[in-house]
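Using the sequences plus the hints, can you model the full thing?
Here is what each chain is made of, one letter per residue.
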Amino acid sequence: MRRYLTIAVLAMAVHLAATPQVMGTEWDFGAKLGYESNVNRSLDDAQSDTIFTAYAAYDRSLSGESRVDWTLRAALSGSAYASENDLNQVTGTIAPGISVFLSPVWSLNVSPFLRGKAVSDSEQSAIAYGVRATLSQRWNTKVYTGQYYCYTNSNADEDVYSYYENAVGILAGINWTPAFFTEIGYEYAHGDSFVTTKSPITAASIPGRGRGYSYRYSPAYNALVIKETVDRHSYGINAGYDFTKTLFAVLGYTYTSESGDLGSLDNHSAFIGLGYRF
Amino acid sequence: MAHPQTGNRGAIAWGRVAQAILPLLALLFFLAPAAIAADERDVVLPESGIHYPGGFDVNTVGVIRGKASDVTIPESGPVCFRVSAGRDVFTVLASPSWYWKDMKGNMVDGMDVHVSGSKTLGKDGNLYLIAQEVRVLQSNKVLVFRGEDGSPSWRGGGLPGQGRGGFGSPMRGDGAGHGMGAGGRGRR
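As given, the protein sequences belong to chains D and C, one line each in that order.
First residue of the first sequence: 1, per my numbering; consecutive thereafter.
First residue of the second sequence: 1001, per my numbering; consecutive thereafter.
If you're looking for bench data, these hints aren't it; they were derived computationally from the structure.
All of these numbers come straight from a predicted model, not from anything done at the bench.
Where a beta carbon is used, it is the ideal one built from N, C-alpha and C, also for glycine.
Not one of these hints is a red herring.
Label-pair restraints from in silico Cβ distances: (1) C/K1104 - D/Y151: 31 to 39 angstroms; (2) D/Y235 - C/G1086: 52 to 60 angstroms; (3) C/E1148 - D/F52: 35 to 43 angstroms; (4) D/I170 - C/K1101: 26 to 34 angstroms; (5) D/S257 - C/V1044: 50 to 58 angstroms; (6) C/V1142 - D/L135: 20 to 28 angstroms; (7) C/D1149 - D/Y151: 33 to 41 angstroms; (8) D/Y188 - C/G1110: 51 to 59 angstroms; (9) C/S1139 - D/V131: 42 to 50 angstroms; (10) C/K1141 - D/A270: 44 to 52 angstroms; (11) D/V100 - C/K1141: 22 to 30 angstroms; (12) C/V1058 - D/D45: 57 to 65 angstroms.
Which residues of chain D face chain C? A partial, calculated answer using Cβ under 8 angstroms: (13) D28; (14) G30; (15) G185.
Using 25 angstroms as the maximum straight-line C-alpha spacing, the simulated DSS-like pairs for lysine-lysine come out as follows: (16) D/K142 - C/K1104; (17) C/K1141 - D/K142; (18) D/K142 - C/K1101.
Set out below in structure tokens:
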């Protein structure tokens, strides 16, 4: 099956490279090196890891020639973990959408999406669907802001990794120069999430049992995995630089904290990436 | 964290890959070219032969001053109006109609204006100016249609960072820009 997947990926790469680029459409290839401080989402035994990710994406962006227009984003990405090989994964996403220019400053995009994910630890492989609505404002050539809502329903091979989530976020960015920009963002999310623990938690000790909690032992994490409802807060910052019209680099950092009945955990993640669009 | 993965389990995992990814790949494979084929959005205006909206040339940018008249709002293509500047009459190409209306562009009709933009000679022998900025002299009101590099202002939808690795980009998210937590991968 690996061979078939490799062939499919290569075929798509050749296909993308051979397809002529026209105004309003964009291909994007990129790779990033990332770090996470709590890759196993542990309440009491956080493990850090380094992650290499590569992706190919297609984006039909807005021409602006009509007030209402359609969009399409599709992407294929793969991630390899330096230590936690069981988390290696391939993800494919397709997201058609519709955009409306509410005014020269305000625009709205609503986009349902379908995402398939295959993880080395097959219990975590999942198919997800949802919808994302983004309201954006370009106040002038330098300053822009955005707000979004995203609903996700992810169905994994094992229920403990399945989740639904409602997330809202805000962000703001400044184009300091035509080549250099920075962004800050905040996201609040409410929904299911799994956590891991080394503690000898039993069914009797799980709070609110009977309200949809599920748990199982995971060989991949070598720990008990428990699904519960959590609130998550994320704070992110990006800085990007365009070397040319096609080659760009970006640095990003996100701090995430989430809490539920079982406790709370946090995670620091950072990445540096290089991309090529045409 | 390492664990002995059996051959059967690995097969199940990659079977999941096939189920999840290959249909999406196939969809992208066939959908994207069709979308592109129907997506030639830089058109050649029939009378002038000017490429729109991509015909802006920063090397020919200049300013004209005169009285604006004859505003024409087509169903598709750029709104245009005439500016009599001394002995020359320019046809000014502005923006799509929705943008023109939102900018209250009709205010220019009959007014003295300064218009900056890219000058060009159409194949019909008339002078054209692809507008960057229109200043109505009586009210000092400025209508901006393009940036310094000639990029159309009506393309301002969406988040600029998402095409450059920022929030909303595949670089930041799960492949389609979703999620901000855990480096943009949300709950995994």
